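Asks: Sequence:
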Amino acid sequence: MQNFWANAAYSLIPTILLGLIFWLVMRSIFRADRTERKVYAEIEAEERARFDAENAAAPRSATREP
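Numbering (the working numbering), first residue to last: 1 to 66.
It should be emphasised that the hints constitute simulated quantities derived from the structure, not laboratory data. Source: prediction; values computed, not measured. By construction, the Cβ of each residue, glycine as well, lies at the ideal position given by its N, Cα and C atoms. A few of these clues could be false.
[Claimed, not checked] Beta-carbon label-pair distances, calculated as ranges:
| hint | residue 1 | residue 2 | range |
| --- | --- | --- | --- |
| 1 | 35 | 55 | 29 to 35 Å |
| 2 | 8 | 48 | 55 to 61 Å |
| 3 | 56 | 25 | 45 to 51 Å |
I would like the entire structure built from these sequences, with the hints used as guidance.
Replies: Written out as structure tokens, the structure reads:
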């Protein structure tokens, strides 16, 4: 009976370890993606604010047609 439990453990441990490694890799990928999206949104907001400030300060053209 002791040999059965050893075989069962040796059969399950590699599967559990591979599942754990897969989970850790996917978790790190999702966290990196979330962080990159957050940083990209911050940069995008700064660029939009700068663009709006530059366009608001620039004089409008006098040759504007109705």
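Asks: Indicate, hint by hint, whether the structure satisfies it.
Replies: For each hint, the structure was consulted:
1. Checked against the hint of 29 to 35 Å, the C-beta distance between residue 35 and residue 55 comes to roughly 31 Å, which is consistent with it.
2. About 59 Å separates the C-beta atoms of residue 8 and residue 48, a value consistent with the hinted range of 55 to 61 Å.
3. The hinted window of 45 to 51 Å between residue 56 and residue 25 holds, with their beta carbons roughly 47 Å apart.
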